[in-house]
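**Student:** Hey, can you work out the whole structure from these sequences and the hints?
For the record, the sequence lines run as chains A and D. The first sequence begins at 1 in this note's numbering and counts up by one. The second sequence begins at 255 in this note's numbering and counts up by one.
Since the hints were derived computationally from the structure, they do not count as laboratory data. Even for Gly, the Cβ is constructed at its ideal location relative to N, Cα and C. You may find that some hints are simply not true.
Partial chain D-side listing against chain A, Cβ under 7 Å, derived [stated by the list, open to error]:
no.	residue
1	432
2	446
3	451
4	457
5	467
There are 2 protein chains.
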Amino acid sequence: MKVVLLGSGNVATHLAKALKANGEEIVQIYSKQLDHAALLANLMGCQAVQKLNDLNPDADLYIIAVKDDVIAEVALALKNFEGLVVHTSGTTDLALLSAIVKHAGVFYPLQTFSKAKDVSFEQIPICIEANDEDQLAVLKKIASKLSRQVHELGGDKRRVLHLAAVFASNFPNHLYALANQILEENNLDFQIIRPLIAETAEKVMFSLPNKVQTGPAIREDENTINKHLEMLKSMPELQSIYQSLSESIKLTLK
Amino acid sequence: MKVVLLGSGNVATHLAKALKANGEEIVQIYSKQLDHAALLANLMGCQAVQKLNDLNPDADLYIIAVKDDVIAEVALALKNFEGLVVHTSGTTDLALLSAIVKHAGVFYPLQTFSKAKDVSFEQIPICIEANDEDQLAVLKKIASKLSRQVHELGGDKRRVLHLAAVFASNFPNHLYALANQILEENNLDFQIIRPLIAETAEKVMFSLPNKVQTGPAIREDENTINKHLEMLKSMPELQSIYQSLSESIKLTLK
Chain A
1 MKVVLLGSGN VATHLAKALK ANGEEIVQIY SKQLDHAALL ANLMGCQAVQ KLNDLNPDAD
61 LYIIAVKDDV IAEVALALKN FEGLVVHTSG TTDLALLSAI VKHAGVFYPL QTFSKAKDVS
121 FEQIPICIEA NDEDQLAVLK KIASKLSRQV HELGGDKRRV LHLAAVFASN FPNHLYALAN
181 QILEENNLDF QIIRPLIAET AEKVMFSLPN KVQTGPAIRE DENTINKHLE MLKSMPELQS
241 IYQSLSESIK LTLK
Chain D
255 MKVVLLGSGN VATHLAKALK ANGEEIVQIY SKQLDHAALL ANLMGCQAVQ KLNDLNPDAD
315 LYIIAVKDDV IAEVALALKN FEGLVVHTSG TTDLALLSAI VKHAGVFYPL QTFSKAKDVS
375 FEQIPICIEA NDEDQLAVLK KIASKLSRQV HELGGDKRRV LHLAAVFASN FPNHLYALAN
435 QILEENNLDF QIIRPLIAET AEKVMFSLPN KVQTGPAIRE DENTINKHLE MLKSMPELQS
495 IYQSLSESIK LTLK
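**Tutor:** Structure (structure tokens):
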């Protein structure tokens, strides 16, 4: 399949690599920032495009992997194309694309991507949706070549997944960052808590998280909680987060 | 070495197994709840003890792995013993033990333990402290047999580590539980976000968390944030956590 990628961020980069590795032909990379497009296009051995007018109209699949608020703008440039147009957003309705292009779909990989780290697509759940059965079959075929976990999900469920992902990934990562802030202020290295972070994630691979909760809050150890709050008095923002998450953990005991 | 373990919870269980596997002799397991002590003692092939009066006075090492607020009570029963007495608490001062027993120390493994899941001690940082150099050397020897990461740390730094561990482990696990709550309410299975949780932890094994933050808050994507807050309106507790963590992530951009 001939694929055009619109976007050159984390999702576009990892998708382009995975699709190419699976034998799809990446024909163009579009980005408003030509240097970003060029970097990825160079890796893919294809053309970098900075203007929407220069897009190849004969591709089979157009993947829009840009910020949610510019999806519509990009899709408008594809409105007369025959190829299937998908976005990769967790929160944007399929209807937004359906109203603009002939064949619309969603291709949402549920993962956190950083350019600096490669990731194996095999284990990544890919959620697909399309406005007709034929296009859905096409998406299913592509997704199944990349991943062993392909889910046909409507927009409502996809939005729920995206919200859950914020709690399961973006927020934990930020808590790692706050832990590091505490360590740094006391000249301790982040390295010392890496095994703990790894094990905490590892534990929920086979258990549900509420079955393996540990720490002062679940023990209702008010003594330790108060000592910790006292230690955080010079960091009121962290103190407030400590308090509200501890309260939330205690609520699970009710 | 002859070791007596006081406690039969998660820390006591994992320590007992690791010490025995490293050739130490576990001679007694003490617990107020005899059935708990018996379970672990049976595994160790040693005696279960329910009364502090029945403790063996001739062991080399007594490990107190009980809740912080009963450490002193248990230590009082050991006050005339010659063996080294350590606690495993992140927050309790060495001074508490030093005031009671002849030879006092701290043996704090920085990890989250669940009885249901085995864990390799090799990667677990063990923080040690003692009230004299000879005892410290003894602890260092035992700890180094269990783990490749042994740290001599005073109480102040140990308390900081314990606090950081709450942010890096207890809170992220609770956020996994909240994610699961959102999924369950929408008939979606926790299994679908496990790869995301694993990758989120994996990413910070080689990067610092603030370098790999993703999600709507770090993109200042107010549109998505507002949609998420709207989706959480029937779960005000989660809504409030969503808001405060998103604000905290945005602060890192300033």
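**Student:** Indicate, hint by hint, whether the structure satisfies it.
**Tutor:** Structure-based check of each hint:
1. 432: holds, 5 Å
2. 446: With a minimum Cβ separation of about 5 Å from chain A (threshold 7 Å), the hint on residue 446 of chain D holds.
3. 451: Residue 451 of chain D check passes; min Cβ-Cβ to chain A is 5 Å, inside 7 Å.
4. 457: holds, 6 Å
5. 467: holds, 6 Å
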